[in-house]
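As given, the protein sequences belong to chains A and B, one line each in that order. Numbering (this note's numbering) for the first sequence: 1 to 743. Numbering (this note's numbering) for the second sequence: 1001 to 1549.
Since the hints were made in silico from the structure, they are not lab data. Take these hints with a grain of salt, some might be off.
What the hints assert, rightly or not - Derived BS3-like pairs (lysine-lysine); straight-line CA-CA distance at most 30 Å:
1. B:Lys1331 x B:Lys1100
2. B:Lys1279 x B:Lys1177
3. B:Lys1543 x B:Lys1331
4. B:Lys1272 x B:Lys1100
5. B:Lys1543 x A:Lys475
6. A:Lys739 x B:Lys1279
7. B:Lys1062 x B:Lys1250
8. A:Lys536 x A:Lys475
9. B:Lys1279 x B:Lys1250
10. A:Lys21 x B:Lys1331
11. A:Lys739 x B:Lys1331
12. B:Lys1471 x B:Lys1100
Unchecked claim - In silico negatives: residues of chain A with every beta carbon more than 12 Å from chain B:
13. Ala25
14. Ser65
15. Glu223
16. Tyr422
17. Gly580
18. Ala633
19. Ile657
Here the structure is a predicted model, which means the values were calculated and not measured. Virtual Cβ for every residue (Gly too), placed ideally from N, Cα, C.
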Amino acid sequence: MQSNNQSVDIKRASPRWRRIKDNLARYFIAAGGVGVIIAVLMIFVYLLHVVAPLFGSASVDAPVSIVQTVDDNDANDPVVLSVDEGLTTVLTIGVDGHYRLLDRTTGEIKHSDTLPLDGASISASFKLPGGPIALATDAGTVLMIEVGYEPHFNDGVRTIHAEVEFPLGPDAVVLSDQRIDSLAVAPGDSAWTMASISGGAVQTLRIGLRENLMTGELRKDFERGQVTGTGAVPHYIAISGNQRYLYVGYDSRILASYNLSQVTSPPVLERFDTAAPMTSMRMLLGGISLLIGDQRGVVTQYSPVRDDTGHTALAQLRTLEVFDGEPVTAIIPEARRKGFIALSDAGHFAMVHTTANNVVLDERIGDVRPTVASLSPRSNGWVYLDAAGELELLPINNRHPEVSWHSLWEKVWYENYQEPEYVWQSSAANHDFEPKFSLTPLAFGTLKAAFYALLFAIPIGLLGAIYTAYFMAPKLRQTVKPTIEIMEALPTVILGFLAGLWLAPYIENHLAAVLGMLLLMPFGMLGFAWLSHRFKSTVGEVTDGWQPLLLAPVVVVVAWLSLHVGSLAEYLLFDGNIRGWLNEIGVTYDQRNAMIVGIAMGFGVVPTIFSIAEDAIFGVPRSLTQGSLSLGATRWQTMVRVVLPTASPGIFSALMIGLGRAVGETMIVLMATGNTPIMDFNIFEGMRTLSANIAVEMPESEVGGTHYRVLFLAALVLFLFTFVVNTIAEQVRHRLRQKYGSL
Amino acid sequence: MTQRRKTGWFASGDPWIWLTASAVAAAIVMVVGLLTLIAYRGMGHFWPHTVVQFEYSIDGAKSVLAGEVRDSDLIPAARARDAGLPVAEDAEPVTRLLIKAGNRDVTREDFVWIAEPFIANQSIPENMVVFERREWGNLYGFIDLQSGQSHEQAWQAVEQAIERSNELHERIEALQKGEIGGINYQLERLRLRQRALELDGEDTPQALAELEQERQALNAAYNEAEQRLTAMYEQFGDESVAVTTAPGVKLDQSVRHIVRAYRPNAMSLPQKLGHYVAKFWEFISDDPREANTEGGVFPAIFGTVLMVLLMSVLVAPLGVIAALYLREYAKQGILTRTISIAVNNLAGVPSIVYGVFGLGFFVYTLGGSIDALFYPEALPSPTFGTGGLMWASVTLALLTLPVVIVSTEEGLTRIPRAIREGSLALGATQAETLWRTVIPMASPAIMTGVILAVARAAGEVAPLMLVGVVKLAPSLPLDLNYPFFHPDRKFMHLGFHIYDVGFQSPNVEAARPLVYATALLLVAVIVLLNLVAIRVRNRLREKYRALEN
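Start from the sequences, fold in the hints, and give me the full structure.
The structure is reproduced here in structure tokens:
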């Protein structure tokens, strides 16, 4: 009845309506189909879109003039400038200590006053990255100031209230009895250290801070000193962030470091000549690395490195060729990254990142006095006084300088490291940490995991496929194949959990036995085969194609035996402690190691390899093998000489797809390894793979940040790798199919 | 030719055939072994294990310990010595037992390894009672008898007390989750409505007054419910059971913290079976307790099922339409073939990559825009701009799309040309041919695709960790609060539960049996789904084989 009704329907509908419906269906499906396909392919585009900014170069926009309202103290040109992180307020300080807080956009003076300099004039200044400013005077005193910014909400409008504060109190600190020419400051919670060049000598000062817990009053202890016996004219000074080292650059090219734990008379630690005459010196953010600019336009980065004997000495981490032949007149460290700005005497402005070993920007901005310029704490703007005396803001776009080919894939010499290394360490608790984004240990870990997984999976998967496709009884094949294939669908989280919580501790306790089992198993099998061959006249021949059923119990028996023999062997050979023995010969043993991953992930890959290889071998036309057999070849000869070569493209594609799966697997490696990013091929140590790394770190990374984008890059690498590998495999398989079609 | 001259068994190549056979045997042993291991450990979790009391003496220092034997293992004498046991230098390997001794609040260690050679005596005390508690894990001990009371009487008194307390707990939970949860939800919605009015500039005094009125009504209802709750809590009183543990520590266990008590050593087989069924039911129907290490996994089952359902609803039509387009409408050329291969290969792209895409595109980009457009009142706390059920489903739909497309395509290619041509020759349009003949014939293939997609989605964990799965979701994505279905909520998932409890839990040893049970559940569901898919596929193949003849 049903079909009758339908045909009546069709008859009744007008041809026009049917045509419209047909076209509608066509468009709908075409639109839907194309839409779905685009959506799927968009994954690649989107990943690329997120990754792209990493490799974009930095740029600056056209400078914006800052209007300066005329003020009663106008005669004074500023000698010190500072700008806040929102680029809203500019602080200008005149030589007599008169300061103004300007609104950056309108130029309106929000506040102006005079600093308590007791009539002295400012002769030098030192800006801590993103923080306080030290002002030194011609009277030998130093005043610390800091601009505090507080957002205020007034009728829903957000205004920034800026105010000058004095971190060490409003009284200037005496550092020298003469005019200070150069100054360096290192702040701390319990003490501050300062050093100055004044009157051709280097003075030091340690200010111990003690807060009275009851009144909150700050008590200061002063400890003054001087660097003696130098015999050369000091030009540049810097103090390490931990207040332990003082670096002094003497006339033209002598660099010396002093031990600041003895402030009163710091003893010299090292003294050597730099490659070219020095023209500037600063500490990088964090106060670990010393940057020295020279006559050639090169900035050299030094860092204290402790060698194996515990002796610490300065090591030259890298040389950055910033300017071509133009002396580096100033180095201004960034406040939140291991980068800096360099100025040349020819008016060039360059942004450099040390870890990435990368000059990301080089722009001519004209003659600028470095003190009368300020980099905003977010490094998104540079305020300076140009040659004409105008205040200018140079907006900077430089979001991901820490990433370069060098920092991602090559050995990088990080601060405090003994030598260049591959390190992945994306974050730490302190804000001035040097992020280490080397993808090499992760890629290495991925390949290591895949290698051990395939080492386990290929013999079982491939040999199993050969037998199942060619020698197995058809009836048995009908059950065996789906059974193994179902394993492919087994959630990897379960394999990972068993590997991490059951297999790893088990193998740790029975290492010798398990290793013995892996070795014994093939011999046990062959031995059994030989026995069954030897005694076939007495017990009857094994029905061909059913061997696995007979062998399965043998596997269990051999496993059980080797577990017991293994303990005994360990007892006899290694004094019952194979892990102790491994330790003695210098092999580290982690509980969750590459062997566990190899077995667990191999387990997950076996079905993939098995299934595809089995299909390929099974698809070899019977006419070929029958021909071979009838010419007198044995079954094994036929297999090796005829079937395998014919099926080899299919087997190749099985291996490739298996590799793709092993490379991308996340949960097993996440759960079965310690997830330490190391570069060691040792089977008894763990690794960290790209995928596991993404799973661990992605949820905590800041959206749009460098770390976030580097993780996207890791995903993109995985995507491309598996996609290419699978495409090759698929193409090869397609060829194979076409070839057999003709046979 | 050289082989010919060699004779015998090795020359025939038979050993190698045996070797290949042994690979199959090993694979099968591993598969079966794995399933057996999970099944054995998973199902053993619910069985009331015998509690054994050990008298343990090392160098004359005697101690008493009672607990369930969980594991045993053989360690070399050297390792035993390292662990501080007085074992002779050349002694045989030592067998040690892992005892679940419970009583975490008393002894701090609820799992203890003991070495067999030092067990002086062991017994199975009939009156040993196991208390499952709401905190501190199990308590093993004997009930202290009141004067003139028999063991049986004491036991019954305790049982009744626990029953009363459980009943009360149930009522409290119903009140907390149902009524109070509902009021809180409505209060939150009210707050958002007010914020929305403010943002739109429509916060007139009148509108605000209306909201205030509603809020007061709700607050009144809340206070009233709160009072009832307090009254219920008071009903608990301070009833407690006096218990002595095996080593002789006396403590008062308050009844309200006991979930159930049983005497495993005194139970008959039917009683044990009953206990087993009850525990199993608790496992699949109850919320987790004690940081997920006890209780049930109902929210995880619910979350998994709901997520997979939502995903199927998305993936089935989209996959089918894409396959229909590729096979039936698109011009068959290099481009179409390339797309086909590309789609096929996407199935091999690591799932974590889909997770990264889902997080970046769906959650942050799409979700962020949706929040800015439709849920500005809730900002800065995100509604769709954070992982949740919906984004998890969409991400997994994308992940499984290739599976459905490939399977449907395969089904479509299997349909003989003659059928299509016959339909067209009879005057049907292409759409009619598709709708009336092709799709019905391909429907088993589509079904297979969807089932395989569901099986894959149910077991996938890595992408979910990025797009919305959590270890403990406060409420289900489906409840009685308007609009009843909350696709923006975070959810729990069986696979993630395994990862989380197995690896992130503070007491992994205690959680282990539960993880095995969860794994068993997940494996069972997925194997079942795959078996169904294989059956459907085979039926389909046979059907068309008949058609071709």
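Here's how the hints hold up against the structure:
1. B:Lys1331 x B:Lys1100: Answer violated: Lys1331 of chain B to Lys1100 of chain B is near 67 Å, above 30 Å.
2. B:Lys1279 x B:Lys1177: 23 Å, holds
3. B:Lys1543 x B:Lys1331: Between Lys1543 of chain B and Lys1331 of chain B the Cα gap is close to 28 Å, so the pair holds against 30 Å.
4. B:Lys1272 x B:Lys1100: Holds: Lys1272 of chain B and Lys1100 of chain B sit about 19 Å apart, inside 30 Å.
5. B:Lys1543 x A:Lys475: Between Lys1543 of chain B and Lys475 of chain A the Cα gap is close to 21 Å, so the pair holds against 30 Å.
6. A:Lys739 x B:Lys1279: 59 Å, violated
7. B:Lys1062 x B:Lys1250: Given that 30 Å is the threshold and the Cα spacing comes to 19 Å, the pair holds.
8. A:Lys536 x A:Lys475: 23 Å, holds
9. B:Lys1279 x B:Lys1250: 28 Å, holds
10. A:Lys21 x B:Lys1331: 21 Å, holds
11. A:Lys739 x B:Lys1331: 24 Å, holds
12. B:Lys1471 x B:Lys1100: Measuring from Cα to Cα gives roughly 25 Å; hence the hint holds.
13. Ala25: The assertion about Ala25 of chain A is violated, with a minimum of 4 Å to chain B.
14. Ser65: 35 Å, holds
15. Glu223: 48 Å, holds
16. Tyr422: Tyr422 of chain A is indeed farther than 12 Å from all Cβ atoms of chain B, at 22 Å.
17. Gly580: 8 Å, violated
18. Ala633: The claim is violated: Ala633 of chain A sits with its nearest Cβ about 9 Å from chain B, within 12 Å.
19. Ile657: 6 Å, violated
This entry does not satisfy hints 1, 6, 13, 17, 18, 19, going by the numbered hints stated previously.
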